[in-house]
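Undergrad: As a plain string of letters, each chain reads:
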Amino acid sequence: MKELSLHILDLAQNSVEAGARKLTIVIDEDLAADRLTITITDDGAGMDAETVRRVVDPFVTTRTTRRFGLGLPLLDAATQRCAGRLVIQSAPGQGTKVAAEFQHSHIDRAPLGDLGATLATIIAANPDLELDYLHRIDGRSFQLSTRELRARVGEIPLSHPEIILWIREYVAQELQQLRGGV
Amino acid sequence: MKSLEDLRKIRDKAQRETKLRGGQAGTRITIAMGTCGIAAGARECLQAILEELAARNQSEVLVVQTGCLGLCDQEPLVSVEVEGQPKVTYGRLDAAKCRKIVTEHIVNGHPIGEWAISTR
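Same order as they appear, the protein sequences are chains H and C.
Using the numbering used here, the letters of the first sequence correspond one by one to residues 2 to 183.
Using the numbering used here, the letters of the second sequence correspond one by one to residues 331 to 450.
Only chain C is shown next, with the shape it has when bound in the complex:
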């Protein structure tokens, strides 16, 4: 059972973690959420990304949205930008692929070339 009281525990835990990390940041995930992205499964992709980030204590990663990129046939689209590295855009994703992108690209530092539609 979830209750509003849980939020205080999440806040306390998040505050402790922020202190430990000293506000480290620099990695950004962008998910396209136009009508095309939503119809293709962007919501499930975003939820999978957040689940994986939470499971791996990567709460400092910034997750943001954008609208339609004009590549509607390749949705869901997700871009990953790690500081000092080229931006990688992945296409035709699903929840399982999104989890793998978090573990391989963000946690382990190995972009998945096979799923990338552009790198720049």
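Isolated chain H (complex conformation):
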């Protein structure tokens, strides 16, 4: 994947396919410690310990459920290239938490990329999903919650094209401000 935001979209799709109704995405950019951590938590079906152990192996896949494929192995490889690691915590019926850690300044680390497009796409494809997004850069943070958006648009589905385009541009704008841009 060219952007880490595409991995995030892919993980969100995994969660949805595992029956998640709630999804939390936290991006933590700790520049002082030179770490970038992406954590995605869902309330989907979860996996047993054996499945968690082999889920990063691209050659052991249970294709019938389409739950696993190349997505997690690709992300695992991306973290390992960048002095990081992928940590998966899950249990049947308890949801899944995937944390991908990277050395922030590592030359092989893909850029975060278009997070606005990723969030807009997740919401467009899953308008009923409850999504919470938190992005921290050192001390500052930006938050987006579909609950709050729904409170503002009322009965209009969040998948309405104009709302999706607004989400994409709003997130891009707010993240640029978070980075100190104008």
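No lab work stands behind these hints: they were computed from the structure.
Each hint should be verified, as a subset may be incorrect.
Stated by the list, open to error - Calculated cross-link-like contacts (lysine to any residue; reagent style SDA-like; alpha-carbon spacing at most 25 Å):
1. H:Lys98 to H:Ser142
2. C:Lys339 to H:Glu149
3. H:Lys98 to H:Val88
4. H:Lys23 to H:Asp109
5. H:Lys3 to C:Leu399
6. C:Lys427 to C:Arg386
7. C:Lys332 to C:Thr360
8. C:Lys427 to C:Glu390
9. C:Lys332 to H:Ala152
10. C:Lys339 to H:Leu150
11. H:Lys3 to C:Glu381
12. H:Lys98 to C:Gln395
13. H:Lys98 to H:Thr40
14. C:Lys332 to H:Lys98
15. C:Lys427 to C:Leu399
16. H:Lys3 to C:Lys339
17. H:Lys3 to H:Asp109
18. C:Lys332 to H:Ser146
19. H:Lys98 to C:Lys430
20. H:Lys98 to C:Lys427
21. C:Lys343 to H:Thr40
22. C:Lys332 to H:Leu135
23. H:Lys3 to H:Gly114
24. H:Lys3 to H:Asp31
25. C:Lys427 to H:Met2
Start from chain H and add chain C according to the hints.
TA: Here is chain C on its own, set in the frame of chain H:
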């Protein structure tokens, strides 16, 4: 500058349009968003489709996703179903082709045979 206040304007506009149309529906666009689709550009295709639908006031068109279809080498894949017509699946798309599919197939009613990989 975008602000949360914009959402109220979008809601009011959407409510007016829904009243005018009386809830007309029937056209569905399906985009494949497995790992293969995402890596090949499904996100950009979906965004282009939504931009074109918004620009042409086609907000009643339903846009949904699906997982990997097993045709990973032909991603990004998008299917268009217009009520009463065969379902057309397009492959090897990009944002520009997706915009054209919205204008030609959905708005003007002319499927683009050249880009279709299946019609049924």
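Undergrad: Quick one: which hint numbers does this structure break? Sort them smallest to largest.
TA: Violated: hints 4, 7, 14, 16, 19, 20 and 21.
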